[in-house]
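*Asks:* Here is what each chain is made of, one letter per residue.
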Amino acid sequence: MSSSAATATGIGASVLRKEDLRFITGNGRYTDDLNQPGQSYAVFLRSPHARARIIGIDTREALKVPGVFAVLTGADMAADGLGDLPCGWEVKQKDGSDMVRAPHPPLAINVVNYVGEPYGVVIAATRAAARQGAEAVMTDFEEREPVVDLATARDSAAIHDGVPGNLAYDWELGDRAATEAALASAAHVTRLDLTNNRLIPNAMEPRAALGVYDRSGDEYTLYTTSQNPHLERLVLSAFVQIAPEHKLRVIAPDVGGGFGSKIFVYAEETTVVWAARKVGRPVKWTADRSESFLADAHGRDHVTHAELGLDADGNFVALKVETTANLGAYLSTFGSSVPTYLYGTLLAGQYRTPNIHVEVHGVYTNTCPVDAYRGAGRPEATYVVERIVETAARELGQDPAALRRRNMIRPEQFPYETPVALIYDTGNYEASLDRALELVDYAGFPARRAASEAAGRKRGIGFACYIEACGLAPSQLAIQLGAGVGLYESGEIRVNPTGSVTVFTGSHSHGQGHETTFAQVVSDRFGIPFENVEVVHGDTGRVEFGLGTYGSRSLAVGGSALVKAADKLIVKGRRIAAHMLEADVDAVAFEDGQFVVRDSNQSLAFGEVAFAAYVPTNYPTDLEPGFSEKAFYDPQNFTYPAGTHIAEVEVDADTGVVTLVNFVAVDDFGHVINPMIVDGQVHGGVAQGAGQALLEHGIYDDYGQLVTGSYMDYCMPRADDVPDFVVDTTVTPCTHNPLGVKGCGEAGAIGSPAAIMNAVTDAVGSNDVSMPATPEKIWRALAG
Amino acid sequence: MQITLTVNGTQHTLDVPENTLLVEIIREHLGLTGTHVGCDTSQCGACTVHLDGRAVKSCSMLAGQVDGASVTTIEGIGTPEALHPMQAAFRECHALQCGFCTPGMIMRAIDLVAEQPDLDSKAVRAGLEGNLCRCTGYHNIVRAVLHSAGSDQGGAP
Ligand code: FES
Ligand code: FES
Numbered sequence: 012m013s014s015s016a017a018t019a020t021g022i023g024a025s026v027l028r029k030e031d032l033r034f035i036t037g038n039g040r041y042t043d044d045l046n047q048p049g050q051s052y053a054v055f056l057r058s059p060h061a062r063a064r065i066i067g068i069d070t071r072e073a074l075k076v077p078g079v080f081a082v083l084t085g086a087d088m089a090a091d092g093l094g095d096l097p098c099g100w101e102v103k104q105k106d107g108s109d110m111v112r113a114p115h116p117p118l119a120i121n122v123v124n125y126v127g128e129p130y131g132v133v134i135a136a137t138r139a140a141a142r143q144g145a146e147a148v149m150t151d152f153e154e155r156e157p158v159v160d161l162a163t164a165r166d167s168a169a170i171h172d173g174v175p176g177n178l179a180y181d182w183e184l185g186d187r188a189a190t191e192a193a194l195a196s197a198a199h200v201t202r203l204d205l206t207n208n209r210l211i212p213n214a215m216e217p218r219a220a221l222g223v224y225d226r227s228g229d230e231y232t233l234y235t236t237s238q239n240p241h242l243e244r245l246v247l248s249a250f251v252q253i254a255p256e257h258k259l260r261v262i263a264p265d266v267g268g269g270f271g272s273k274i275f276v277y278a279e280e281t282t283v284v285w286a287a288r289k290v291g292r293p294v295k296w297t298a299d300r301s302e303s304f305l306a307d308a309h310g311r312d313h314v315t316h317a318e319l320g321l322d323a324d325g326n327f328v329a330l331k332v333e334t335t336a337n338l339g340a341y342l343s344t345f346g347s348s349v350p351t352y353l354y355g356t357l358l359a360g361q362y363r364t365p366n367i368h369v370e371v372h373g374v375y376t377n378t379c380p381v382d383a384y385r386g387a388g389r390p391e392a393t394y395v396v397e398r399i400v401e402t403a404a405r406e407l408g409q410d411p412a413a414l415r416r417r418n419m420i421r422p423e424q425f426p427y428e429t430p431v432a433l434i435y436d437t438g439n440y441e442a443s444l445d446r447a448l449e450l451v452d453y454a455g456f457p458a459r460r461a462a463s464e465a466a467g468r469k470r471g472i473g474f475a476c477y478i479e480a481c482g483l484a485p486s487q488l489a490i491q492l493g494a495g496v497g498l499y500e501s502g503e504i505r506v507n508p509t510g511s512v513t514v515f516t517g518s519h520s521h522g523q524g525h526e527t528t529f530a531q532v533v534s535d536r537f538g539i540p541f542e543n544v545e546v547v548h549g550d551t552g553r554v555e556f557g558l559g560t561y562g563s564r565s566l567a568v569g570g571s572a573l574v575k576a577a578d579k580l581i582v583k584g585r586r587i588a589a590h591m592l593e594a595d596v597d598a599v600a601f602e603d604g605q606f607v608v609r610d611s612n613q614s615l616a617f618g619e620v621a622f623a624a625y626v627p628t629n630y631p632t633d634l635e636p637g638f639s640e641k642a643f644y645d646p647q648n649f650t651y652p653a654g655t656h657i658a659e660v661e662v663d664a665d666t667g668v669v670t671l672v673n674f675v676a677v678d679d680f681g682h683v684i685n686p687m688i689v690d691g692q693v694h695g696g697v698a699q700g701a702g703q704a705l706l707e708h709g710i711y712d713d714y715g716q717l718v719t720g721s722y723m724d725y726c727m728p729r730a731d732d733v734p735d736f737v738v739d740t741t742v743t744p745c746t747h748n749p750l751g752v753k754g755c756g757e758a759g760a761i762g763s764p765a766a767i768m769n770a771v772t773d774a775v776g777s778n779d780v781s782m783p784a785t786p787e788k789i790w791r792a793l794a795g
Numbered sequence: 200m201q202i203t204l205t206v207n208g209t210q211h212t213l214d215v216p217e218n219t220l221l222v223e224i225i226r227e228h229l230g231l232t233g234t235h236v237g238c239d240t241s242q243c244g245a246c247t248v249h250l251d252g253r254a255v256k257s258c259s260m261l262a263g264q265v266d267g268a269s270v271t272t273i274e275g276i277g278t279p280e281a282l283h284p285m286q287a288a289f290r291e292c293h294a295l296q297c298g299f300c301t302p303g304m305i306m307r308a309i310d311l312v313a314e315q316p317d318l319d320s321k322a323v324r325a326g327l328e329g330n331l332c333r334c335t336g337y338h339n340i341v342r343a344v345l346h347s348a349g350s351d352q353g354g355a356p
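Top to bottom, those sequences are chains C and E. Under my numbering, the residue at position 520 of the first sequence is numbered 531, and the numbers go up by one with no gaps. Under my numbering, the residue at position 64 of the second sequence is numbered 263, and the numbers go up by one with no gaps.
Treat the hints with caution; some may be incorrect.
Said to hold, decoys possible - From the derived model, a few chain C residues whose C-beta atoms are all more than 10 Å from chain E:
#	residue
1	Asp69
2	Thr150
3	Ala413
4	Gln424
5	Pro430
What the hints assert, rightly or not - Some chain C residues close to chain E (C-beta under 8 Å, calculated; not the full set):
#	residue
6	Leu27
7	Leu32
8	Phe34
9	Tyr41
10	Asp44
11	Asn213
12	Met215
13	Glu216
14	Val266
15	Ser301
16	His521
17	Gly691
18	Gly695
19	Val733
Quick caveat, the hints were computed from the structure, so don't treat them as lab data. Quantities reported herein were computed from a predicted structural model and do not represent experimental measurements. Ideal placement from N, C-alpha and C gives every residue a C-beta, glycine not left out.
Here chain C stands alone, though its shape is the one from the complex (with noise of 0.2 Å):
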């Protein structure tokens, strides 16, 4: 690498973003910014019940209204012989046989299962011809009893044929025995009852898809805000079968936000691109929010009893985790996978613990399925790690750093192999502790806690030292385990004969800035101007294959596959110059964009060896012209990123209000490409953490209707509810990827809501409340 962290646009540098030109003079490009000539809409019918039998659909009325061109439903995907919406992790359960998986065609066809659920669409000339033809849409359906709690879910009637107490399946991971032995002699346990609050994830931009079927070519594009691309023209294609890969072009514009609901592959995009060869024209649909709230993944969803041993020197002996954890109606794209291997792995966090089982039952319900929302099972792991470490921190009237200190993992035990299944490669997760205590001035917090006591208020104080592991791999692995897909990322170089530059990734960018980051380790490692770099990404027309964006993975494992096309081309540059400068290849150089030859003051730039790349005439024979190169990039490990939250509130006793009054963030990414925008990933993850731990809760009632299905009604954090945040980050490089990176997208909702409920319980003096700590209970704690 370059030592160009001195450099205004290098390896370090806080650069300014490409993107944001045209995001600031609105010149973004949205899907539903896109439209086709002769472009017809759609609007879905939709349940107005949680779990009904569809007994008949009458569409008579519907066909006659001006502009409704059609009315489509299940039955007739079915009859086009459509496949199922796939869950692309199979989970075994503990006795070994396959998770139980419901069908899930993607329009209903004889019985609907959650409030929003899809089951037809109308096709009309303008949307308000479409809402018309909807409204007219007479179905009759014969409603049953729904099942919507979770804590009795098991013992209810089954929703699914052939799925009996709701199970999806039970999973287990770590060593019952062992870790039931030690509890047992344990000289001190904590035991924890958690609920982890359903969250609705409501990126900006709603949902949107447009697809276009062109006869001439027998060919589809579907325009869609997707976080992968390549990956839904995968599901479309391989598991729906609505055309062969080749045939089906998936392009997603500049997206407004994913935070992991715009991974999956749902009814509506799938609907769009089907029907637009049904009726002749393109269709274009875009999610009123009242249908986000309905109808996008939820996340989390858990209850949880916890128990924690500790021997009488403090040291963690056993740790014992059960969770119910709620799936919804169906099997989303990855649902299976969150609450499993994205949560029970990573129930050491940054501690020694030696005996660790954990149990998961995944269970059905009539609500909306639950999938990966930003952190996916690692926010709910350090929710359980940290509030149970910081209750057995007050039970024992122990400092609550120095009980984490003594049982963290020290530098020098990496690597490390946690009794559940993974083997962090490297960490250091004092100094992030040491930074943030620093930074939070833990010492004047009795002072500051006097303060605001004086003031009225109760203040309170909390930790959460959490650990995510992101950069899901490797591929083998991840199958091995359950895992449909590959967990590679693709890049490809180009460098035009003129000397600029670019570059096909597979990861996409919804916010995160990867034409600025990307187009940074791209320029760096050329020694080329940033500004002759671009990024593109999101089309699988021109970017050749992709996993897309989620887990964090994006710089640890698509900017990998990048320095590895640039080094093949590096490679092939060095015998372009020795050629051309009549050296020995080994003595020549590639060094701050000049190839060298050695102990000489021969050199040639960069842009002059692509050039005689493209017009060869002094040029190798055996080497072929042109200079592009590409890579697929599968790492060896996931990548660790840890770190320290602190949070302090002040609490209104008179009417239970709580203020987030300063939040310390110190994380480990390892090498940071941008700070800018890893501070910015940051601020946001923790507002949103935020938002779970105060605002955010996404409520059925006993009939299955989404109470919180609007911003009237579902709580989002404003600029008003979250302070400034104190960031920093500290750095153990990444071991095994070549930019020594390890992910930063989802550390701030990941450590947030514990260190905001554990400084909320610590303030009030009851850990009896639960996400989110909205003032009435509060109020109700205090006055309990």
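Starting from the structure of chain C, add chain E with the ligands where the hints point.
*Replies:* Chain E with the ligands alone, transformed into the frame defined by chain C:
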């Protein structure tokens, strides 16, 4: 109904159904897609534009209410070559990630600074309360608005 309005300095006369929203006029009739729609309850502010110089949520104005009015959208305040100071501040302070809330935020922020030139962070947070951002955690948006207020008292073009 027939209405006449000026958008970004250009006068338009349109024949639209009475229940047409200003945001539909802007996005669908005039093709100015910089103004976004993020909700259906007038709660997110993604659709914020200036109506006769003041920030309004264009999803909550009907065609009849804007007859004769002058509207400025994000496209009307600056270009990539000549940014409005608030646009420049958003970029310099990394006050945007996905960019979806950004046009509305910028339009609201310009009005806020014009309204209260001596803003502090608390006033900025209160003033942006009607605009949701899911990406930035607001930290850098607040910085950008303060930055712009300091360098550009009065703000509005
Ligand atoms: S679109 Fe949400 S307030 Fe106008
Ligand atoms: S930048 Fe994405 S919603 Fe604000």
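*Asks:* Each hint needs a verdict: does it hold in this structure or not?
*Replies:* Each hint, compared with the structure:
1. At roughly 27 Å from the closest C-beta of chain E, the C-beta of Asp69 (chain C) stays outside 10 Å, upholding its exclusion from the interface.
2. The beta carbon of Thr150 (chain C) sits about 23 Å from the closest Cβ of chain E, which is more than 10 Å, so the claim that it is off the interface holds.
3. Under the 10 Å C-beta cut-off, the non-interface status given to Ala413 (chain C) relative to chain E holds; the minimum distance is some 30 Å.
4. For Gln424 (chain C), the requirement that its beta carbon stay farther than 10 Å from each beta carbon of chain E is met, with the minimum near 34 Å.
5. With a least beta-carbon separation of about 35 Å from chain E, Pro430 (chain C) lies farther than 10 Å from that chain, consistent with its non-interface assignment.
6. Evaluation of the Leu27 (chain C) hint against chain E yields a held restraint, the C-beta minimum of about 6 Å falling below 8 Å.
7. Taking 8 Å as the C-beta contact cut-off toward chain E, the hint placing Leu32 (chain C) at the interface holds, the least distance being around 5 Å.
8. Because the closest C-beta pair between Phe34 (chain C) and chain E is about 3 Å apart, less than 8 Å, the hint holds.
9. Here the hint on Tyr41 (chain C) is kept, as its CB sits about 7 Å from the closest CB of chain E, short of 8 Å.
10. A cut of 8 Å between beta carbons decides the hint on Asp44 (chain C): the least distance to chain E is about 4 Å, and the hint holds.
11. For Asn213 (chain C), the interface hint holds, since its Cβ comes within 8 Å of a Cβ in chain E; the closest pair sits about 6 Å apart.
12. For Met215 (chain C), the suggested interface contact is upheld, since its CB lies about 4 Å from the closest CB of chain E, less than 8 Å.
13. Contact between Glu216 (chain C) and chain E, as hinted, is supported at the beta carbon level, the nearest pair being about 4 Å apart and thus within 8 Å.
14. Given the 8 Å rule on beta carbons, the hint for Val266 (chain C) holds: about 7 Å separates it from the nearest Cβ of chain E.
15. Proximity of Ser301 (chain C) to chain E holds as hinted, the smallest CB-CB distance being about 6 Å (cut-off 8 Å).
16. Checking His521 (chain C) against chain E: minimum C-beta separation of about 5 Å stays under 8 Å; hint holds.
17. Because the smallest distance between the Cβ of Gly691 (chain C) and any Cβ of chain E comes to about 5 Å, under 8 Å, the interface hint for this residue holds.
18. Given hint, Gly695 (chain C) at the interface with chain E, holds; its Cβ is 5 Å from that chain's nearest Cβ, closer than 8 Å.
19. Taken as an interface hint, Val733 (chain C) checks out: its beta carbon lies about 6 Å from the nearest beta carbon of chain E, inside 8 Å.
Consistency note: the structure conflicts with none of the earlier hints.
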